[in-house]
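Engineer: Same order as they appear, the protein sequences are chains A and B.
Residue numbers in the first sequence follow numbering that gives the first Met the number 0, run continuously in steps of one, and reach 361 at the last position.
Residue numbers in the second sequence follow numbering that gives the first Met the number 0, run continuously in steps of one, and reach 74 at the last position.
Please note: incorrect hints may appear among the correct ones.
[As the list claims (entries may be wrong)] Below, in silico cross-link-like pairs of lysine-lysine (DSS-like), each with a Cα-Cα straight-line distance of 27 Å or less:
hint : chain 1 : residue 1 : chain 2 : residue 2
1    : B       : K60       : A       : K221
2    : B       : K40       : A       : K278
3    : A       : K221      : B       : K3
4    : B       : K40       : A       : K299
[Claimed, not checked] Quick list of the computed label-pair ranges, beta carbon to beta carbon:
hint : chain 1 : residue 1 : chain 2 : residue 2 : range
5    : A       : G20       : B       : I23       : 52 to 58 Å
6    : B       : E12       : A       : T109      : 29 to 35 Å
7    : B       : N49       : A       : Q249      : 45 to 51 Å
8    : A       : S254      : B       : T56       : 30 to 36 Å
9    : A       : E242      : B       : Y34       : 24 to 30 Å
10   : B       : T56       : A       : A230      : 32 to 38 Å
11   : B       : I23       : A       : N102      : 49 to 55 Å
12   : A       : E285      : B       : I26       : 33 to 39 Å
13   : A       : Q105      : B       : I1        : 51 to 57 Å
14   : A       : E284      : B       : E64       : 50 to 56 Å
15   : A       : R12       : B       : D54       : 19 to 25 Å
Hints listed in this document are in silico derivations from the structure and should not be mistaken for laboratory results.
Fair warning: this is a prediction, and the values are worked out from it, not measured in the lab.
We put the CB at the ideal spot given by N, CA and C, even for glycine.
Take a look at the letters that make up each chain.
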Amino acid sequence: MSLSEKEKHRYSRHLLLDKVGESGQEKLKAAKVLIIGAGGLGCPVLQYLTAAGVGTIGIIDFDTVDESNLQRQVLFSISDVGTNKALAAKNRLEQLNQFIKFNIYQEKLTNTNSLQLVNQYDIIVDGTDNFSSRYLINDACVKANKPLVYGAIYKFEGQVSVFNYKNGPSYRCLFPEAPEVGSVPSCSEIGVIGVLPGLIGTQQANEVIKIILEIGEVLSGKLVIYDALKASQFTVAIKRNEEQLNIAKQIDFDSYDYDYYCGIKKEQNMNEISAQELKELIQKEEIQVIDVREPYETPKVEALNAINIPLQTIPQNMDKIAKDKKVVIHCQHGVRSMHAIDFLEQNGFDNLINLTGGIVMW
Amino acid sequence: MILKLKYFGMIAEALDKEAEELDIDIINVAELIHYFQYHLKDINFKIAVNHNLVDSTYQLKNNDEVALLPPFAGG
């Protein structure tokens, strides 16, 4: 993809660099990058990738600009309040670089559209603000075998990594389990220092550019945690976990509910039992109790005589679960057990009861 | 055994410190997870020892640097 004279002038500072040059700039022009979420992280990513000359940029966001976003979402102006973020970002970015093709999607990323979208791009950038989207994006990138440039922020700290790059680890290899309901609040609930997404988003943009240009060391197999208060960073090595990658590959987008997996939505018709009711029930009749926690988790309640089947291993162990009597499923706090019941009910079980609040309520 | 602990995000907030040295009678990461689950209730975290993410069977050694890493959602 050759450059026009105007483009050569615009990108002249890149062309002067040995590691970029004309051939590097042509690679940028040929590249297609999808940015999911045009918020705090998405804005700096979009701004730098547009300026750098990434030829095709996809922007997906269902949300509209709110005045409270302007503290950190630097692409937007007062006049954008109320406008869809993907649209407002495109309007602003077209002023910055006329050589870029923007595809905007004013919708939510879903199980239905994610794979088809991800497949149209070379690199995916996660700028979302919730775990449902983060797991969905990870799984779509694993299925489609696309590198995922990850960023996430909390108050004054941020995390950056590149997942699924040249057989590297995925997000699930780092965090196999979604957090319990409400345990990790979002920026809108707890606040965030405005410059932080700028710091983390520009690092994401830098990783995208390195991947495209095939220069330097891509941040694969490593998580960087940046602390804005100390201007320090802490790096952790992450290994590929085949079991977690297989989970991502095998998830069926037609039936899997990420909001439910991440505890945002509760099963409507699930049978529940309190710890007190369970104490009474085991005196009255013979039931089976399944503990879906990891083997090392405590407390263990001897009176329940529970069979331990960790959540991830349930698909292989369904034959151990009784169908001819009541089965109470429990975990630590009642969330993993909900997922277990949801999965088992889809596989024909109708005798399952969730221990509300988990075994800690015992 | 002495462990050099580092805390991030909501874990540092919940414990009201970013680092400490603990003299603690613990053999592996599973036991350490128990210890912290009691203090941290439902905060989810992964453990890195000497800058490497480890699983629950990892055997801890004297003077290991142990980091508790929570996931962040924000963007």
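Engineer: Each hint: holds or not?
Structural biologist: Going down the list of hints, with the structure as the test:
no.	hint	verdict
1	K60(B) / K221(A)	holds (23 Å)
2	K40(B) / K278(A)	holds (23 Å)
3	K221(A) / K3(B)	holds (21 Å)
4	K40(B) / K299(A)	holds (16 Å)
5	G20(A) / I23(B): 52 to 58 Å	holds (55 Å)
6	E12(B) / T109(A): 29 to 35 Å	holds (33 Å)
7	N49(B) / Q249(A): 45 to 51 Å	violated (33 Å)
8	S254(A) / T56(B): 30 to 36 Å	holds (33 Å)
9	E242(A) / Y34(B): 24 to 30 Å	holds (26 Å)
10	T56(B) / A230(A): 32 to 38 Å	holds (36 Å)
11	I23(B) / N102(A): 49 to 55 Å	holds (54 Å)
12	E285(A) / I26(B): 33 to 39 Å	holds (37 Å)
13	Q105(A) / I1(B): 51 to 57 Å	holds (55 Å)
14	E284(A) / E64(B): 50 to 56 Å	holds (51 Å)
15	R12(A) / D54(B): 19 to 25 Å	violated (46 Å)
Checked against the numbered hints listed earlier, the structure breaks hints 7 and 15; every other hint is satisfied.
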